[in-house]
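Chemist: Given chain U, work out where chain H should sit, using these hints.
Protein chains: 2
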Amino acid sequence: MKVCIIGLGLIGGSLALSLKKLPFINEIYGIDHNIEHQSKAIKYNLVDKIIDFKEIKEIDIIILAIPVNGILSIMKQLDEKIKETATIIDLGSTKETIVKNIPANIRENFVAAHPMTGNEHSGPDAAIEGLYNDKVVVLCNFEQSGKLQQEIAVRIFSGIHMNIIYMDAHKHDRHAAFISHMPHIISYSIANTVLRQEDKHNILSMAAGGFRSMSRLANSSPNMWEDIFKQNKDNVLNAIDIFQIELDSLKKSIKNEEWDNVYKKIDNGNKLKDIFS
Amino acid sequence: MKVCIIGLGLIGGSLALSLKKLPFINEIYGIDHNIEHQSKAIKYNLVDKIIDFKEIKEIDIIILAIPVNGILSIMKQLDEKIKETATIIDLGSTKETIVKNIPANIRENFVAAHPMTGNEHSGPDAAIEGLYNDKVVVLCNFEQSGKLQQEIAVRIFSGIHMNIIYMDAHKHDRHAAFISHMPHIISYSIANTVLRQEDKHNILSMAAGGFRSMSRLANSSPNMWEDIFKQNKDNVLNAIDIFQIELDSLKKSIKNEEWDNVYKKIDNGNKLKDIFS
Chain U
17 MKVCIIGLGL
27 IGGSLALSLK
37 KLPFINEIYG
47 IDHNIEHQSK
57 AIKYNLVDKI
67 IDFKEIKEID
77 IIILAIPVNG
87 ILSIMKQLDE
97 KIKETATIID
107 LGSTKETIVK
117 NIPANIRENF
127 VAAHPMTGNE
137 HSGPDAAIEG
147 LYNDKVVVLC
157 NFEQSGKLQQ
167 EIAVRIFSGI
177 HMNIIYMDAH
187 KHDRHAAFIS
197 HMPHIISYSI
207 ANTVLRQEDK
217 HNILSMAAGG
227 FRSMSRLANS
237 SPNMWEDIFK
247 QNKDNVLNAI
257 DIFQIELDSL
267 KKSIKNEEWD
277 NVYKKIDNGN
287 KLKDIFS
Chain H
17 MKVCIIGLGL
27 IGGSLALSLK
37 KLPFINEIYG
47 IDHNIEHQSK
57 AIKYNLVDKI
67 IDFKEIKEID
77 IIILAIPVNG
87 ILSIMKQLDE
97 KIKETATIID
107 LGSTKETIVK
117 NIPANIRENF
127 VAAHPMTGNE
137 HSGPDAAIEG
147 LYNDKVVVLC
157 NFEQSGKLQQ
167 EIAVRIFSGI
177 HMNIIYMDAH
187 KHDRHAAFIS
197 HMPHIISYSI
207 ANTVLRQEDK
217 HNILSMAAGG
227 FRSMSRLANS
237 SPNMWEDIFK
247 QNKDNVLNAI
257 DIFQIELDSL
267 KKSIKNEEWD
277 NVYKKIDNGN
287 KLKDIFS
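For the record, the sequence lines run as chains U and H.
17 is the number of the first residue of the first sequence in the working numbering; add one for each residue after it.
17 is the number of the first residue of the second sequence in the working numbering; add one for each residue after it.
Quick caveat, the hints were computed from the structure, so don't treat them as lab data.
Take the hints with a grain of salt, since some may be wrong.
Given that identical chains are not distinguished, each listed pair holds provided it fits within a single copy or across any two copies.
What the hints assert, rightly or not - Simulated crosslink set (DSS-like; lysine-lysine; CA at most 25 Å straight-line):
{"#": "1", "residue 1": "K36", "residue 2": "K56"}
{"#": "2", "residue 1": "K151", "residue 2": "K216"}
{"#": "3", "residue 1": "K216", "residue 2": "K187"}
{"#": "4", "residue 1": "K267", "residue 2": "K216"}
{"#": "5", "residue 1": "K37", "residue 2": "K65"}
{"#": "6", "residue 1": "K246", "residue 2": "K287"}
{"#": "7", "residue 1": "K163", "residue 2": "K97"}
{"#": "8", "residue 1": "K267", "residue 2": "K97"}
{"#": "9", "residue 1": "K271", "residue 2": "K246"}
{"#": "10", "residue 1": "K36", "residue 2": "K151"}
{"#": "11", "residue 1": "K289", "residue 2": "K92"}
{"#": "12", "residue 1": "K163", "residue 2": "K216"}
{"#": "13", "residue 1": "K163", "residue 2": "K37"}
{"#": "14", "residue 1": "K267", "residue 2": "K187"}
{"#": "15", "residue 1": "K59", "residue 2": "K37"}
{"#": "16", "residue 1": "K116", "residue 2": "K163"}
{"#": "17", "residue 1": "K116", "residue 2": "K271"}
{"#": "18", "residue 1": "K249", "residue 2": "K187"}
{"#": "19", "residue 1": "K287", "residue 2": "K216"}
{"#": "20", "residue 1": "K268", "residue 2": "K249"}
{"#": "21", "residue 1": "K70", "residue 2": "K18"}
{"#": "22", "residue 1": "K36", "residue 2": "K99"}
{"#": "23", "residue 1": "K99", "residue 2": "K280"}
{"#": "24", "residue 1": "K271", "residue 2": "K187"}
{"#": "25", "residue 1": "K246", "residue 2": "K268"}
Remember, predicted model here, so these are calculated numbers, not experimental data.
Isolated chain U (complex conformation) (with noise of 0.2 Å):
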């Protein structure tokens, strides 16, 4: 089958990567309107070929690794261009308004997925291999999709050694909201607190491996980020006012010098790996 990715950075090169090992899978195409991007991702033989959005009619597989406004935009440009047996497999970060947006006559091809994984680099550069490896990717709104095209999402994506979970769109933003979205905000106010502070190349000389681990995702792409905030608005300000009940009354506690509810507090927090192991 031929695959076209369309966006190929992080997460686009990376499924490139992947996707060469599936016996299935014979061409892998690119779409990229960035230039450097385009022959990058020749360079690193990510892909075999670059080709233009009018070829899109030879192609089996249509992945879209690209922001989320990029996805809704393309949805509609991809209506009646496409094979009529193509799968369309958007990676987008927020699914809610994506699932909402599909294209009537195109919704049976499409397949909304939220692999989670990544890291805070960008670009073709950072196209790596077993960036999908036993991680976790989110299917939305499933039984919408074709029969065959479920087929295929599944061959792929556990053909790629991901564990598949399945959830309706809403309630995949909102978890998103609190497993992602806020803890970015967090981390970008983190690295703006500490850059405004006036001997802030003193204090970052400390730095350890803690401040490092909570600042990561502050160098994550703003074009993504301001993409899902938009997308996610009202789940990401409601999971950061819940943040900020549980930050304040942990400060109030400190404050007040409730050194009991302080050691509560912090130790109800250790229980996150009991969960998590």
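Modeler: Same frame as chain U, but now just chain H:
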């Protein structure tokens, strides 16, 4: 020289493993009020022998690797019980209260140090080789330590491949609040925010590297961190205040759909990597 490490957890135990490699260290003894820690420290070969506190007068280098409130209380007991030429190095995470409370007659024996290392684990099981390698150690109010003690501290910390920086204890505590203590408080609050959600298992099933990065510190020991927040209360509260202003401002921009401002704040957060690299 004979070393005794008081506190055989992650910090003390890992230091023991590093000190073993230094040619001028002949014997490493340990003290820990926890009997299980004592036997594990022997079993894992962290120390040569567990000694009694009254044997401290035979020791050349005494390392205090216990929570900060413990350091404050043991300091008073060391008074008059130590060798005249002994070097006492404390590894506490806050420094101002410690430095202010060193008994005058052992002031020259004392070196106040904060190694910027560690992780979310604790106890002798967590002790690992290389925890100190290439990390920063902050030496505070160093000019108040004796010449011999200064020399020994520098030999030790450079011997275990640490980068030494010198700082006034007051400034250290302010910086540590931003670079370490406030981020820990945020990590606990993120963990508690998600743990409080009704569908926490569902949310956590989606957890990827980003969330793990932001919640890792929430596994840190309550005993140690309650003490740090106690000792550095004012600086910690101040750092939280400033973080809250930053977070509120980003939240407000999202709420009001001021996407240019959102982009700018994200883009500014990205600048951290220019300073780190």
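Chemist: The structure should be examined with respect to each hint, and the outcome stated for every one.
Modeler: Against the structure, the hints come out as follows:
1. For a Cα distance limit of 25 Å, the shortest separation of K36 from K56 inside one copy, 17 Å, qualifies, whereas the shortest one across copies, 49 Å, does not.
2. Proximity of K151 to K216 under the C-alpha cut-off of 25 Å is restricted to the inter-copy arrangement: shortest distance 18 Å between copies versus 36 Å within a copy.
3. In this assembly of identical chains, K216 and K187 lie within 25 Å of each other by CA distance solely across copies; the values are 12 Å between and 40 Å within a copy.
4. Taking the shortest Cα distances, K267 and K216 sit within 25 Å of each other both inside one copy (23 Å) and across copies (23 Å).
5. For the identical chains of this complex, K37 and K65 are intra-copy neighbours only, at 17 Å inside a copy versus 55 Å across copies, given an alpha-carbon limit of 25 Å.
6. Proximity of K246 and K287 under a CA criterion of 25 Å is satisfied inter-copy only: 22 Å between copies versus 32 Å inside one chain copy.
7. When the C-alpha separation of K163 and K97 is checked against a cutoff of 25 Å, the pair qualifies only within one copy, where the shortest distance is 21 Å, while the shortest distance between copies is 80 Å.
8. Taking the closest pair of Cα atoms, K267 and K97 never come within 25 Å of each other, the shortest separation being 56 Å inside a single copy and 40 Å across copies.
9. Proximity of K271 and K246 under a CA criterion of 25 Å is satisfied inter-copy only: 9 Å between copies versus 35 Å inside one chain copy.
10. With identical chains, the CA atoms of K36 and K151 are at most 25 Å apart within one copy only, with a shortest distance of 18 Å there and 40 Å across copies.
11. In this homomeric assembly, K289 and K92 never come within 25 Å of each other (Cα to Cα): the closest approach is 44 Å inside a single copy and 37 Å across copies.
12. Within a single copy, K163 and K216 get their C-alpha atoms no closer than 56 Å, and across copies no closer than 31 Å, so neither meets the 25 Å cut-off.
13. With identical chains, the CA atoms of K163 and K37 are at most 25 Å apart within one copy only, with a shortest distance of 24 Å there and 64 Å across copies.
14. Only between protomers do K267 and K187 lie at most 25 Å apart by alpha-carbon distance; the minimum there is 22 Å, versus 31 Å within a single protomer.
15. In this assembly of identical chains, the alpha carbons of K59 and K37 lie at most 25 Å apart only when taken from the same copy (19 Å versus 47 Å across copies).
16. Only within a single protomer do K116 and K163 lie at most 25 Å apart by alpha-carbon distance; the minimum there is 20 Å, versus 72 Å between protomers.
17. With identical chains, the CA atoms of K116 and K271 are at most 25 Å apart between copies only, with a shortest distance of 22 Å across copies and 46 Å within one.
18. With identical chains, the CA atoms of K249 and K187 are at most 25 Å apart within one copy only, with a shortest distance of 14 Å there and 39 Å across copies.
19. Proximity of K287 to K216 under the C-alpha cut-off of 25 Å is restricted to the inter-copy arrangement: shortest distance 12 Å between copies versus 33 Å within a copy.
20. For the homomeric pair K268 and K249, the shortest alpha-carbon distance between copies (11 Å) is at most 25 Å, but the shortest distance inside one copy (28 Å) is not.
21. For the identical chains of this complex, K70 and K18 are intra-copy neighbours only, at 15 Å inside a copy versus 77 Å across copies, given an alpha-carbon limit of 25 Å.
22. In the homo-oligomer, the alpha carbons of K36 and K99 lie at most 25 Å apart inside one protomer (22 Å), although the nearest pairing across protomers, at 68 Å, exceeds that limit.
23. With identical chains, the CA atoms of K99 and K280 are never at most 25 Å apart, being 59 Å at best within one copy and 41 Å at best between copies.
24. Taking the closest pair of Cα atoms, K271 and K187 come within 25 Å of each other only across two copies (21 Å); inside a single copy the shortest separation is 36 Å, beyond that limit.
25. Proximity of K246 to K268 under the C-alpha cut-off of 25 Å is restricted to the inter-copy arrangement: shortest distance 13 Å between copies versus 32 Å within a copy.
In summary, the structure is inconsistent with hints 8, 11, 12 and 23 from the numbered list given earlier, while agreeing with the others.
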